[in-house]
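Going line by line, the protein sequences match chains B and X.
Heads up: the first sequence runs through residues -1 to 771, numbered per my numbering.
Heads up: the second sequence runs through residues 116 to 388, numbered per my numbering.
Rather than coming from a laboratory, the hints here were simulated on the basis of the structure.
Among the clues, some could well be false.
[What the hints assert, rightly or not] Chain X is faced by these chain B residues, among others (derived, beta-carbon under 7 Å):
no. : residue
1   : Val87
2   : Ile416
3   : Gly579
4   : Ile582
5   : Tyr691
Where a beta carbon is used, it is the ideal one built from N, C-alpha and C, also for glycine.
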Amino acid sequence: MQKIIFLCLACFISIILPAQHKFTLSGTVKARASGETIIGATIKAGNEGTTTNEYGFFSITLPAGKYKITYGALGFLVFEEELNLDASVTRQIFLDGKNVNLENVVINSSTSTRRSISNPQMGVEKLTTSEIKNIPVLFGEKDILKTIQLLPGVKSAGEGNSGFFVRGGSGDQNLILLDEAPVYNASHLLGFFSTFNSDAIKDMALYKGGMPAQYGGRLSSVLDIKMNDGNNQEHQASGGIGLISSKLNVEGPIKKGKASYLLTGRRTYADQFLRLAKDSAIKNNTVYFYDLNTKINYEIDKKNRLYLSGYFGKDVLKLGNIFGINWGNATGTLRWNHVFNDKLFSNTSLIFSNYNYQINIKAGADDFTITSKIEDWNIKNEYQWYANNKNTVRFGINAIHHTITPGNVTAKDTSGSINNSNLQNRYSFENAAYISNYWRASKKINLTYGMRLTAFSILGGGNFFNYNADGDVTDTIKTQLNSIVKTWINAEPRISLSYIINPQVSVKAAYVRNVQNLHLLSNSTSSSPTDKWVASTNVIKLEISDQVSVGYYRDFAEGNYELTVETYYKNMLNQIDYRDGANIYINSDAIESQLLFGKGRAYGIEWLLKKKSGNVTGWISYTLAKTEKKINGINNNKWYNARQDRTHDIAIVASWQVSPTWNLSANWIFYTGDAVTFPAGKYKVEDFTVFYYTERNGYRMPAYHRLDIGATKILKQRKKFTSELNFSIYNAYARENAYAINFRENKTNPEITDAVRFSLFKLVPSISYNFKF
Amino acid sequence: MRLNYFKIFFWLLVVLLTATSCEKVINVQLKDTEKKYVIEGIITNNGRAKVIITQTGNVSDPLVFNGVTNASVTITPTGMATQTLQATSAGIYEANFLVPAERNYTLQVSIGGQQFSASCYMPSQVPVDTVFTTTEQFIGDPQILPNILYLDPVKPGNAYKQALWVNGVKIRQIYISNDEYSNGRQCNDRLYIIPDEDEDNSTIPVIKPGDTLTIEMNCIDPVIYKYWFSLQRSALGSNEQATPANPVSNIQGGALGYFSAHTIETITYKVPR
């Protein structure tokens, strides 16, 4: 069977070079101190080169001969070795961390990974935890989701919010993966924190366009976050004490060099602050969240390695004893890396993901609980075949079973006023097969081309409905459990190309189609933990996007500066919005009755100038963009600005290493206000002032800008113990940015309408203490 | 669903946010638009019909009552004679006639050649069993809150609207509920009073022992429930619960407002000392 597959693959690869004396250098690149595998480490041999994959594995095939091989990675010293390649070899490379001695704190461009001029992959942003370490953030809580909002093409969902929009897409169009497991609600505490504890994170990559074929299921972006594996050399503990939360990370070998564990926890104590409030009622409320990241990995032998990782997080919010809500994600990933030979690497993953919430209400005769969840079981099998030095093929299959429990109401007391009711569970099955080839076609041209074939099946068990134009049910379709109600098959071509003009300059172009099967329904303009995930049904069609992008890449001053300019146009089909007066919490399975469907388009241009080395590092990003929707039933069926439409978006991020122990940092953000709906008139109904609206999102919030500053002082830096203090001020010049503008009656004269601007967070100082031993 | 809970939830979020926030009245330039007719039509089973016709005003201008005088207004109960409403003052049209429940009513309004119509079903009356008060603390100081008990009919599709006066002062809040999650049950609607954020200058009454409460209970058409639901969420000037939009109206022809045929029951209750 495998032979047949390979025969097929051989046909897929464009050029198979005639056999000559060629040998393969393969292996793994790891950090010496921790034994962690390094993602994206570069391996150079003369003019040829490669990078390690997400498990630190690499393979490069070269003609026989003598080579000087250089291994490098961001934050590590370069390692060089002479190699006489007269047979295929497997190497295990250990790189020394740069912070071993203090003189090396300054980032040196030769040791950092540069963005690849030659790789056809475009629209990708990569950040490591060390890069985000010094960027000041709200409450001093390092947050990967907030940091990516400083990159071009990525917009924040609001003040201090961890939600984000990529290239005009909505929040649910981002595929957020933690160790391959999709995270359905990546925010804590009304969005002010993300579920990703930066202490547990090794690496992240954000794909805004040109998504590789192994990713699918969301229209706008893929945020692929990898957790640390755990130090397999020595036991280590680190932690931090901040204003809002404290965290602790422990890791160490289970069997030295072979197996390790990692355990990272974080809990907020915002509720302790509530206790200090003068309002006795605020005191009685509870607000907190916690996160737990765990991972175990075991290197069985040189060819096999197992990883088991898990994430558990929970938010608890209680209003006295009347109202309570808790929500959280749980994910688990079991992975098996297997190296078939020096050219073929495989990974098999079994993935579980669950998001649920529970609402408890106890008020008089109303005493009940509402529960809702989405649960995935997911199996993935992927191969990376380093066919020759011109072609690297990646192919695999993926099957996901989704179960959505939209809402079950359980009364505590059967004599109360609430009936038990269960909305139908919705089941669906998502299958995909993909293949792509990275083809180094010539010295000038590199190409990645591939195809993702997806089949999305709605599984039966319950009723489906047809509707008329007003959203009223016209007929009911009864289905059997596990029968296939409908299957959509889609081919998603993925192609990207780079043309190297000279070693400092390249241009790239990409086309990608993405298909989305799960959609998040949110009744309000801000996100809520009770927003509903729905799978496509006979009425809710798959969302489809086509994106073309073109980019220009240039390195200056020996790679110390990088300029990236990308432009894109994205067309989106089957976009969802809500009918006026929609209620997504109706006690009915006919959720489609609340929805409208239409299309969207987004286009823009993004500039990013990055300074990669020296005492001062940072970047300037600027995005000019437009996002619109056209949905029949909204805005008189005309195109209107999407809520996430912002014309200009600027971020300046700078970090200055003043001395080996002092680091100062700052970022400044400016953006055009969000598109917003304001009233066109007003009138009285009963004794309420009611507003009259004529157009959707026809106005703009005021422009937003803000400066954050931060300082980090290393208190102690020894081999056995490191500690540092971190200060930051969010919104340092106390700009009153508009979070919301509400219209309401004037207190003294109700005939007059006041436009009231709400501002959050001005001048929020914070301090945190971090340690490691 | 007892909608109030979600409202309270959103309100809690606002309170949490405002802990660090500040608010300021600002100047927003709004485009003026054409005036639109607003029809607020009510017919109740005590035989009263009242239709108020006004026009919208600019947001930046004071909201003064500008009644539309030249309208002809009729109401037709299904299977009964059409009744013409008489103008009692500028923009107010009234009539008294026999109004049975469990019947459909059609409103016709004609203003200078423009025709508007609406139809609404008056459901059967569901009597209030008891009114009582409970003391609750959910935010601020403990509050005395009125409760209404009634038995929801076995047949699904009932909706209710209540109004509350404390010593004759109306609580400006929309109380609506339906039997979506409580069909056929003994229902307990608690009329929450969301206090003013600015406690010291609050104009919202606080219920004290000895106060006289007046509660009006209406049984409404689900269409009217939808009107008030959408008005409350999206047309009161904020976008916290939903994208701002006009309420879902049952009036055809392009006017704002609603036409509701509903039953009415008024209960007076003295809070025990």
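Now for the hints, and whether the structure bears them out:
no. : hint   : verdict
1   : Val87  : violated, 59 Å
2   : Ile416 : holds, 6 Å
3   : Gly579 : holds, 3 Å
4   : Ile582 : violated, 10 Å
5   : Tyr691 : holds, 5 Å
The earlier numbered hints that this structure contradicts are 1, 4.
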